Amino acid sequence: DFAETMRREFEMSMMDELSYFLGLQIKQTPQGTFVHQTKYTNDLLRRFKMENCKQISTPIGSTAVLDPDEDEAVDQKEYRSMIGSLLYLTASRPDIEFAVCLCACFQASPRASHSQAVNRIMRYLNHTLEFGIWYSTSSSICLSGYSDADFGGC
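Under full-length UniProt numbering, the first residue of the sequence shown carries the number 1, and numbering increases by one thereafter.
Read the hints as simulated data drawn from the structure, not as lab findings. Computed from a prediction, not measured in an experiment: that's the story for all the values here. Among the hints, a few may not be true.
[Unchecked claim] Pairwise CB distance ranges (calculated): (1) M12 / T58: 41 to 51 Å; (2) A64 / A108: 16 to 26 Å; (3) T38 / S139: 36 to 46 Å; (4) N42 / D150: 45 to 55 Å; (5) H127 / F10: 37 to 47 Å; (6) D69 / R7: 55 to 65 Å; (7) K27 / S140: 14 to 24 Å; (8) H127 / D75: 19 to 29 Å; (9) G23 / A108: 22 to 32 Å; (10) A149 / A112: 39 to 49 Å; (11) S13 / R80: 33 to 43 Å.
[Unchecked claim] Listed next, the in silico DSS-like pairs over lysine-lysine satisfying Cα-Cα at most 27 Å (straight line): (12) K77 / K49; (13) K27 / K39; (14) K39 / K49; (15) K77 / K39; (16) K39 / K54; (17) K77 / K54.
Note that CB positions come from ideal geometry on N, CA and C, so glycine has one too.
Let's have the full structure, built from the sequences with the hints guiding it.
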């Protein structure tokens, strides 16, 4: 038993079923575990006044091009705050990771087009509030770790 093995090695206590951990909501069933951040997403949309925004079905357009010097500058502090919040959300939302990381590249000098791209991600989140990651008990999970012991030959 995993819990007993851990108890022998570490001081620990087993509590009730885990339902919330570091901002992640966790729902456990006999079929698997669902990890999501619905509450965080709702709070995020409310904080940036996007809770009533028009919903959209994709986080980024297929023809989106973000130019670093295009358009007028926008509030850097607000932009960075939005990006930081979205980066935290990627812990349970891999569907937004590419779009968020693309927008994160422009934190030093955000422009109106970058802000519009972030707003599109928010609109997508409003459409997909309850998305998350499902870990099925029937699938085998193989945890692998790798390291570069010679520091890449340096």
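Structure-based check of all given hints:
| no. | hint | verdict |
| --- | --- | --- |
| 1 | M12 / T58: 41 to 51 Å | 43 Å, holds |
| 2 | A64 / A108: 16 to 26 Å | 19 Å, holds |
| 3 | T38 / S139: 36 to 46 Å | 23 Å, violated |
| 4 | N42 / D150: 45 to 55 Å | 47 Å, holds |
| 5 | H127 / F10: 37 to 47 Å | 42 Å, holds |
| 6 | D69 / R7: 55 to 65 Å | 58 Å, holds |
| 7 | K27 / S140: 14 to 24 Å | 21 Å, holds |
| 8 | H127 / D75: 19 to 29 Å | 25 Å, holds |
| 9 | G23 / A108: 22 to 32 Å | 27 Å, holds |
| 10 | A149 / A112: 39 to 49 Å | 47 Å, holds |
| 11 | S13 / R80: 33 to 43 Å | 39 Å, holds |
| 12 | K77 / K49 | 16 Å, holds |
| 13 | K27 / K39 | 13 Å, holds |
| 14 | K39 / K49 | 15 Å, holds |
| 15 | K77 / K39 | 24 Å, holds |
| 16 | K39 / K54 | 19 Å, holds |
| 17 | K77 / K54 | 24 Å, holds |
When held up to the earlier numbered hints, the structure conflicts with hint 3 and nothing else.
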